[in-house]
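Novice: Following the hints, position chain B against chain A.
If you read the sequences in order, they're chains A and B.
When you number the first sequence by this note's numbering, it's gap-free, plus one each residue, and the end is 113.
When you number the second sequence by this note's numbering, it's gap-free, plus one each residue, and the end is 116.
No lab work stands behind these hints: they were computed from the structure.
Owing to the predicted nature of the structure, the values given are computational and were not obtained by experimental measurement.
Mixed in with the good hints, there may be bad ones.
Claimed, not checked - In silico DMTMM-like pairs for lysine to aspartate or glutamate, Cα to Cα no more than 20 Å straight-line:
1. K100(A) with E59(B)
2. K20(B) with E63(B)
3. K49(A) with E64(A)
4. K61(A) with D103(B)
5. K64(B) with E87(B)
6. K49(A) with E59(B)
7. K49(A) with E20(A)
8. K58(A) with D85(A)
9. K100(A) with D103(B)
10. K100(A) with E52(B)
11. K100(A) with E63(B)
12. K41(B) with D85(A)
13. K41(B) with E64(A)
14. K58(A) with E52(B)
15. K69(A) with E20(A)
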Amino acid sequence: AQSVSQHNHHVILSEAASLELGCNYSYGGTVNLFWYVQYPGQHLQLLLKYFSGDPLVKGIKGFEAEFIKSKFSFNLRKPSVQWSDTAEYFCAVGNTGFQKLVFGTGTRLLVSP
Amino acid sequence: GAVVSQHPSWVICKSGTSVKIECRSLDFQATTMFWYRQFPKQSLMLMATSNEGSKATYEQGVEKDKFLINHASLTLSTLTVTSAHPEDSSFYICSAPGTSAGDTQYFGPGTRLTVL
Chain A
1 AQSVSQHNHH
11 VILSEAASLE
21 LGCNYSYGGT
31 VNLFWYVQYP
41 GQHLQLLLKY
51 FSGDPLVKGI
61 KGFEAEFIKS
71 KFSFNLRKPS
81 VQWSDTAEYF
91 CAVGNTGFQK
101 LVFGTGTRLL
111 VSP
Chain B
1 GAVVSQHPSW
11 VICKSGTSVK
21 IECRSLDFQA
31 TTMFWYRQFP
41 KQSLMLMATS
51 NEGSKATYEQ
61 GVEKDKFLIN
71 HASLTLSTLT
81 VTSAHPEDSS
91 FYICSAPGTS
101 AGDTQYFGPG
111 TRLTVL
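Pulled out of the complex, with its shape left as it was, chain A reads as follows (with noise of 0.2 Å):
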């Protein structure tokens, strides 16, 4: 069975502080994987996704994330956070029809002015 896990359950940071959070997926087959976003209030967003090729991916608003097979992880990047960062980052896993999802617990950043 697919499971996702992340590693921070709470960040926080000071505007310009680089971000890194951890995501490990558990799947046996071919993956397709996903971050997601969801500021207060607001709906579940895409921030970027990994379907094959360039393991390196670049998504909105300056986010990028590696996928590392070898380590089964795909952690999310930014080298300089905004208060506007502020938000819930969801760390997910699909099948190759991307049709289920499988979702980590999240993390919630906060990154204070």
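Specialist: Only chain B this time, still in chain A's reference frame:
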């Protein structure tokens, strides 16, 4: 981009009553939709897959008689929580896959259910 809406956004009901939540794909058709449940400070848990024109597929541990799903058309899926109890209080979110190659799922804004 594709938009998914949910109605209502917030509902409060008495224990024992039934509540219907609607999920609509506004500018695209969805033969499949997904229903998730999110408990406070926890992740989204897939409850069931709603299939247009056929029965829903429920995840293990989800009571299909309690959470009735009807995919009435290519743009509408409904989740009915029957005989609701306080432990059913949660945030219910639906999603629909996009129709383009390489597309992802689009999520509704969620419905917060509070059962008194």
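Novice: Each of the hints needs a verdict: does it hold here or not?
Specialist: Comparing the hints with the structure gives:
no.	hint	result
1	K100(A) with E59(B)	holds (11 Å)
2	K20(B) with E63(B)	holds (16 Å)
3	K49(A) with E64(A)	holds (9 Å)
4	K61(A) with D103(B)	holds (19 Å)
5	K64(B) with E87(B)	holds (16 Å)
6	K49(A) with E59(B)	violated (24 Å)
7	K49(A) with E20(A)	holds (16 Å)
8	K58(A) with D85(A)	holds (16 Å)
9	K100(A) with D103(B)	holds (13 Å)
10	K100(A) with E52(B)	holds (16 Å)
11	K100(A) with E63(B)	holds (19 Å)
12	K41(B) with D85(A)	holds (18 Å)
13	K41(B) with E64(A)	violated (25 Å)
14	K58(A) with E52(B)	violated (34 Å)
15	K69(A) with E20(A)	holds (18 Å)
Hint compliance for this structure: hints 6, 13, 14 are not met, and every other hint is.
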